[in-house]
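Please build the complex by placing chain B on the supplied structure of chain A, with the hints as guidance.
Protein chains: 2
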Amino acid sequence: MRYAVLGTGIVGRTLAAKLDSLGHEVLIGTRDPADTLARTETTPTGVAPYALWQAEHTGVRLARFEEAAAHADFLVNATAGQVSIEALAAAGAAHLEGKVLLDVANPLDFSRGLPPGLDPVNDDSLGERIQRTFPALRVVKTLNTMNCQVMVDPGRVAGEHHVFLSGDDAEAKKSARELLYSFGWPEASVLDLGGIETARGAEMVLPLWLRLMGALGHTDFNFHIQGAGGPGAWGGH
Amino acid sequence: MRYAVLGTGIVGRTLAAKLDSLGHEVLIGTRDPADTLARTETTPTGVAPYALWQAEHTGVRLARFEEAAAHADFLVNATAGQVSIEALAAAGAAHLEGKVLLDVANPLDFSRGLPPGLDPVNDDSLGERIQRTFPALRVVKTLNTMNCQVMVDPGRVAGEHHVFLSGDDAEAKKSARELLYSFGWPEASVLDLGGIETARGAEMVLPLWLRLMGALGHTDFNFHIQGAGGPGAWGGH
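Line by line, the protein sequences give chains A and B. Here our numbering = 1-based position in the first sequence + 7. Here our numbering = 1-based position in the second sequence + 7.
The shape of chain A in the complex, shown without the other chains (with noise of 0.2 Å):
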């Protein structure tokens, strides 16, 4: 499969380095790959020029969002949530139609300083934005509720836990919860939420988490919903 990762940060170079190891071919979409390629500094969170990461995963290319998305079959938002729209609007449209988009970003909203609120919430989120703006797009927002590390790796955390679903479209979800079980969900460890609305809940919980980030001091942690399923669903866990 061809993937598109859109976003350069830690996220998006996780996913892509991931969907590489799989034996995927994998873009990175940024805006101007020139200027992404030409930054020389470490973020103050500590995450090391693109470049650097760059000449680590010579198997993942980076292109421009809108080469990183007509190429692809199967796209993943990693952008700043507060970006998103645009940075898929610059991606086109017309190489957006009947695509998959795994949503795995959130609106997190860094204008009232640290840390961070939501903008969109309550009556929108960021799921519901995009699935409105490129209706073409099919959208499943998922992943958004855990560190990149642990999207990749949900053996991180050890024991049982949830990795959410959102979207209108069926077939989408299928193809979103195929992609998690090659990355090592377990089958009983997606939650379909239900339609694209329900992306509002999944983005809300943004805010707990970063305060259980603080409380607990490490990221290697993620929601279990005890009382989901049977005992034993998770099998030998």
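One or more hints might be untrue.
Below 25 Å or equal to it, Euclidean Cα-Cα: the simulated SDA-like pairs (lysine to any residue) are [unchecked claim]:
1) B:K106 / B:M8
2) B:K181 / A:M220
3) B:K181 / A:K181
4) A:K180 / B:P122
5) B:K180 / A:M220
6) B:K181 / A:G224
7) A:K180 / B:L217
8) A:K181 / B:A222
9) B:K180 / A:L217
10) A:K180 / B:G99
11) B:K180 / A:G224
12) B:K181 / A:L223
13) B:K180 / B:H102
14) A:K181 / B:M220
15) A:K180 / A:D130
16) A:K180 / A:D42
17) B:K180 / A:A222
18) B:K180 / B:G99
19) A:K180 / B:G221
20) B:K180 / B:G201
21) B:K180 / B:V197
22) B:K180 / B:M220
23) B:K180 / A:L223
These aren't lab readings, by the way, just hints derived from the structure by calculation. These numbers were taken from a predicted model, which means no experiment stands behind them.
Below, chain B without anything else, positioned relative to chain A:
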């Protein structure tokens, strides 16, 4: 101990019945006891009139907010979140001074239809608002992330799951912990998020809780933070 449970809805009744069964002296606070007792209708969600419940719980006494608060050592806010400040104001700031308040309410906003959103959200929370309005009260936000039957009987949900604590007063949080233990919560199930500001996280999880209820078709579930503690932290569970 003498408890005042503010709020005559299903949450207040369930908590009051549990406290009564544990041998505490319990008053339920309401604006106007005669009015509360005169209601005969069952609510749209199937909650029976208060008077019927009262007849079966003769150990619990109904009183005005002010009388209930004056009498009690320990308060529980089980009012609807949108009227909690008003209910506490009716209780009288003088009767709140130095007392611990367990705030189990959620600021659900039904003004834009169902499912409800939250107000406040992002840069404030009901827990903080109560603490700010009544600075001499020692507010602990807890138990608001689950159905009330699970609050008082955590064993309804098989396996490990968590109850969060948010509050600025360490002694008050210790008292809250002890009450939770008496409800059957194992020590390892109590997860201290930090100061009262962290109530923002615990409250913003409600939209996900509501969608989980929709997806699962029941309310006997709860959040477990996998990776929060070592394996076996729950002992025999």
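Against the structure, the hints:
1. B:K106 / B:M8: holds (12 Å)
2. B:K181 / A:M220: Given pair B:K181, A:M220 holds - Cα atoms ~22 Å apart, limit 25 Å.
3. B:K181 / A:K181: violated (46 Å)
4. A:K180 / B:P122: holds (23 Å)
5. B:K180 / A:M220: Holds, because 20 Å separates the two Cα atoms, which is no more than 25 Å.
6. B:K181 / A:G224: holds (22 Å)
7. A:K180 / B:L217: Within the cut-off at roughly 21 Å; holds.
8. A:K181 / B:A222: Roughly 17 Å between the alpha carbons, so the hint for A:K181 and B:A222 holds.
9. B:K180 / A:L217: The given pair, whose Cα atoms are some 21 Å apart, holds under the 25 Å limit.
10. A:K180 / B:G99: Distance of about 53 Å is beyond 25 Å: violated.
11. B:K180 / A:G224: holds (20 Å)
12. B:K181 / A:L223: Answer holds: B:K181 to A:L223 is near 19 Å, not above 25 Å.
13. B:K180 / B:H102: holds (20 Å)
14. A:K181 / B:M220: holds (22 Å)
15. A:K180 / A:D130: holds (23 Å)
16. A:K180 / A:D42: With Cα atoms ~35 Å apart, A:K180 and A:D42 exceed 25 Å; violated.
17. B:K180 / A:A222: Distance of about 15 Å is within 25 Å: holds.
18. B:K180 / B:G99: Given that 25 Å is the threshold and the Cα spacing comes to 23 Å, the pair holds.
19. A:K180 / B:G221: holds (18 Å)
20. B:K180 / B:G201: holds (10 Å)
21. B:K180 / B:V197: holds (10 Å)
22. B:K180 / B:M220: violated (29 Å)
23. B:K180 / A:L223: It holds: about 18 Å lies between the C-alpha atoms, which stays within 25 Å.
In summary, the numbered hints that this structure violates are 3, 10, 16, 22.
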